[in-house]
Structure formats: structure tokens, C-alpha cells
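With the sequences and hints as input, model every part of the structure.
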Amino acid sequence: MTKNRMKQLGPLLFVLGLLISSSGCVNNDILLPLPSSDPLNSRLTNSKPLPRSALRYLNGVYKVISTSQRGHTLFGDRIAVKQVDKRISFFCSNQYYFSLQTGIVDSLAILEGFWRAELGTQQGRAVMSLRSDFASHSLDSLVIDGTWTGDKPNDTNRFTLQYLNPLADSNDHFLIVDHHGGSNGAGLPYEENSLNGIRYTQYAGANAIELDVQITADHIPVLFHDANLSTNLVKGEFAVGPLVNYKLSELRALCTLTDGSPIPTLQEALDVIDTETDYKAVWLDIKDSSGVAPTLPIEIAFLAKEKAAGRRIDVWAGLPSSDHITAYLNDPLHTQAPSLCELTPADVSNVNAAVWGPRWTVGDLVNQAKGVRSQGRKVIYWTLDKPEFIIPFIKAGALDGILTDHPATVGYYFYTR
Amino acid sequence: MTYTRAQTNARLDHLDSAAGPSGMVIGDSVPVAKTFHIWVDAGAGYSGDIGALTQPTATPGAAYKNGGFTGLVRIRGSRSRFISIGIETGYQHLSSVSQQNAKAPGFGTTDISATLSAIPLMGIVTLEDYGILLDGGVGFYHLHSTATVFGNTISSGEWDMAFVIGLGAKFDLGWSFRLMPELQLTRINDQSRSLLAFLVRIELPLR
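In order, the protein sequences belong to chains A and B. Just add 198 to wherever you are in the first sequence, counting from 1, and you've got our numbering. Just add 16 to wherever you are in the second sequence, counting from 1, and you've got our numbering.
Note that these hints are calculated values from the structure, not bench results. Honestly, I wouldn't trust all of these hints.
Claimed, not checked - Below, simulated PhoX-like cross-link-like pairs (lysine-lysine); rule was C-alpha separation at most 25 Å, straight line:
hint, chain 1, residue 1, chain 2, residue 2
1, A, Lys433, B, Lys119
2, A, Lys284, A, Lys503
3, A, Lys445, B, Lys119
4, A, Lys593, A, Lys261
5, A, Lys503, A, Lys478
6, A, Lys485, A, Lys445
7, B, Lys81, A, Lys433
8, A, Lys485, A, Lys433
9, A, Lys284, A, Lys246
Okay, here's the thing in C-alpha cells:
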């Protein structure tokens, strides 16, 4: 083949390269199953429950006083320990966390569960214990002792923690808002915006959650991020194109989320949040302004139900664009539906939003945030994932929360600051 | 021998009109002007998804069919046979399902009848030598689904970026027509689909 012909091959080889590289691409949204437990060997079998008040007593920053070199590398030297629902979570400095179920066996309080990385696929089991009457003793003498195991046989490591000081915020005033409704950006085993994702992500550090809201053809708000039914998010090859083309019943017949669960409605998600989680707040990220009107009645009904039951979970209708603001202000229900405005502080005042949600990349926002907070509104930045960006925002103060894909990381740096 | 510009132009015009589809005139040492040729390739065949996509609600009793008729038309042009550039469009039937009593959580069961098809719009580069054709292309696929669920028919689709490669052979049928069997692999990027198509084309010279 002549030199000229070799040159002519260039465009074809370029296309060939694109095809091969694209065919080799894998879906990065891996749904990694949790480490399996062995019920027969569980130390929690036949255990008595630990009351939440006792679990809350364990909240604090602990020093790692004994573990392997690898344990120090993975989990660092200080750990934030926090009660979540009926479990205990550990938040570690290097983007690892533990979620441990609890119970009392004989004279010991048992913490048993798993650890995993927020980034990557590393995970394993952990079993810890402490004296069951720990709540009647001084925190200064509190020691939690046990082991963690890696992914190789006989990879068992000592793990001993000693109480250092209280968490920076034990009352959940600071909101760690999980992105995409149980985002698998944090390596979670469930699809984003799924009911299982919502149930789970609180154990990974979130105490509030952002839900992506799309509207079906029959005007029902459902949880879904993209406008189109992409195969990255759903299984079902006959469900193609804009989600809004399909009624809810048609979506349920034609596709599921990639983890096999149905696309949930907003109502189903709020019911789960109400009855099965400890979330303090819900950010409704309404993806299209046409979704504002169908969403507000559900928000208002939920808030009324919470008020009647004597509970408080804040719910905010997200307003990310001027079209959303117009739709919101034109809806007569808007005065009853608290909102979160992502635009300027002036827009926040105009719509009387409960929360300002600025994008963190916009620049120096501290002075503006102070002004907004002085009006009695909250400020929640989005979307901060890396420690090098999270730490300066926490240090600068003038914020009430952070929207993140990595709630355990935000939790560690906030609670141990 | 030296030609004036006028003589050269006159000779090139003569050669151009005498040249075959390849633009070459054998046995002449004078530089040759290559004529721009246009061909239409019309082909039909069968294509299917070689990925692991399935209809999630399908039960063993569901009539699921992967693949179907493919008809593609390509217009391409070139000054040389070796490399030509064109555009391709057509129709590809990708899959269909017919199922009774499919589950729809929260809504009971329903009968489902659905088909999935695609319309490509691709830019294609074709290399041809020794009767072998190698294609590569990039463009867009319009995926289109028609589904009847709970007695209602939904028609929905979207455009996605796609890449294609193809390998074929060429057989002369006479009267300037050529027969070209071809194997084509298409990757539809956003939908993560990989389609394999076998089709037989006929090449028709337009100019």
C-alpha cells in the first residue's frame, strides 16, 4: 500500500478508534452489593435492642488507638461516630465509612456491620463491642474495641477506638444533603432516586436528601434525574425517549431502574422518608418548570401531615431557573410551599425562599450568604464532593448545609472540625 | 513534449470524457484529471442487538424477538475508488415483544405489545481495494419505540450518537452494477446498544 493510501486511511482509523473505545466503555454507575453477612455467625442473633438514646450517647470524635498499618491508612487516626436510626455510623478521614447494626448480648453492646469506600470498591465486615452499661459511665473512659476484615481470607485487623470529644454538631443542625436521592456517586448498592437508595444513604452520612423530580404524561411527579429514559438509569428497551411521553402505569409496565426496582413516585418517596428514615430535610429538585404545579400539592400535604403528627421534616420546592420562579409565583399554592431558590439573593428575597442554594463554583459567596442568613433563611451549597473544596467552605462558615455525592466525607470534616 | 495551458486543458477535457468510473486512462503518460463520481448503494438484510438488553417484565412466556429487517441507502462520492465519502440512512427493526399479563407494580397486570426500530443518519468513509470494502462512520441514530400498554399506544423516540464499522466484498454484475454483501457493527452510544447487521447492497453509479 502506498504512503498516500496510508494517509487516506487516517479518517477511517479515527472512526474505528472511536467505535472501539466507545464499545469498551463500561457504565461507571456500578451498583456494588453490600458485603454479605453470615446470619448463623452473627453476634447479633437473639440480641436485645439498644435504645436510640443510648446509641446517641456514643456520638463523638474518637481516636484510633489500635489497628493495623493498613487500618490507619484506610481509616485515618480520628473517626466521627454517630447514631443514625438504630445503627451507628463511623465517618473516616479518607472517604471510608462504617454502618453497624446494634444490640445487647449478655453484658456487651455489639456493633456489627460493614465498612466501605465512598470512592472505589473496597469494603469488608466489622464487629465491635463495648460494655452494655456504657451510658452510665463517663465518656472519657469510653472504648470501643473489635475487628475489621478486608476482602482477603484471614485479613482480620484489630480496631480500638477511644472517645476524644463531642461531635461539632450532634443535633443535626448542619444538613448533609445527599445528591440524586441516594446517589450511587457514593458507591451505594442501589440506583439513584430509588426507595432503597433513600433508605440507605442516611447510614452513609446524609441527614437530608435531594430528590430529582420529573413529571409523567399523567402529571404524576416521579423520581428520575434525566429527561430521557437512558439505559444508564433504566432497564427496559421499549421505554425510549422523554419520560414525559409515558404515563406512570406505562413506565411501570415497560421499565425498572437498573437495580430492578420500579421508578418511584414522589409520594412513595416522601412516605418512606416519613416512616423509615431520620432525614431532617428534603430538597425537591424539580427538573422542568412544568413540574412545579403538580409537585406543590404533594409538598403541602406532606408538611401538613408532619405537623399534625408533631414531627418536622423540612421540604423545599427547588427553583433552579427563572422559568421555575415564574411557575412557582403563578401557582396560588406557592405561599404554603416553602422553596429553595438557586439564583441570586435578590431572587431568593423576591420569592421569599426558605433556602438559598448557590452553586459553590460561582465565587466568593460568604458575604452574600451572611446577608441571606441574616434574613432568617438557610444557605446550602451544591455540589461539593472533594475534601479540598469541602474543608474551606466549612471553615468559612456562613452555611447551613452542603449538597454532596459523598456524605460520609462531608460528615467527617464537619463533625471533627 | 511541452503542452501550453490551452492544450493541456483541451487534452484533459478529452481524457475526462473518455475515462471510466475510476477516472483512469490506461497507457497514457499525461497527468489525468479524475472525475468526481457518485454512487448509490441500496441494501437490505437483517440486524440484531448483540448486547444483553432484555425487556425486564418479560416472563418465559413472552414472545420476544431480537432483530429484524434492515434497509439502508447510502449516497457516496469520490474522485477515486479507493476512498469515498457519503451519507447513509434507512430503517432498522431492532426488536419486538408481545406479552400477556405483564406486571406493572401498583397497577396490576397488562398485555404488552411493543416494537423498537431505528433510523440512522450516518456519515460514512469507505475504503475499497482488491474488491474488499471497509467502512467507518459516525453520526446519529433515531431510536423509536411503539408500545401498547393498558390499551394505550405510546410512540416515543430520541436521537443518540452512534459509530459504525463495516466489512464487505464487491462482485461485478455487469452494466456498471455491483453486488456487495456486508457485515456492519454499530454502537449507539447513550443507549449502550451494539447492533450487528448483515446486508446485501447493490451499487448503482449515478455519475
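Hints, one by one, checked against the model:
1. A:Lys433 x B:Lys119: 15 Å, holds
2. A:Lys284 x A:Lys503: Holds: Lys284 (chain A) and Lys503 (chain A) sit about 24 Å apart, inside 25 Å.
3. A:Lys445 x B:Lys119: 15 Å, holds
4. A:Lys593 x A:Lys261: 22 Å, holds
5. A:Lys503 x A:Lys478: 15 Å, holds
6. A:Lys485 x A:Lys445: With a Cα-Cα distance of about 17 Å, the restraint between Lys485 (chain A) and Lys445 (chain A) holds, given a limit of 25 Å.
7. B:Lys81 x A:Lys433: 17 Å, holds
8. A:Lys485 x A:Lys433: This hinted pair holds, its Cα atoms lying about 21 Å apart.
9. A:Lys284 x A:Lys246: With a Cα-Cα distance of about 12 Å, the restraint between Lys284 (chain A) and Lys246 (chain A) holds, given a limit of 25 Å.
In this structure, none of the earlier numbered hints is contradicted; all agree with it.
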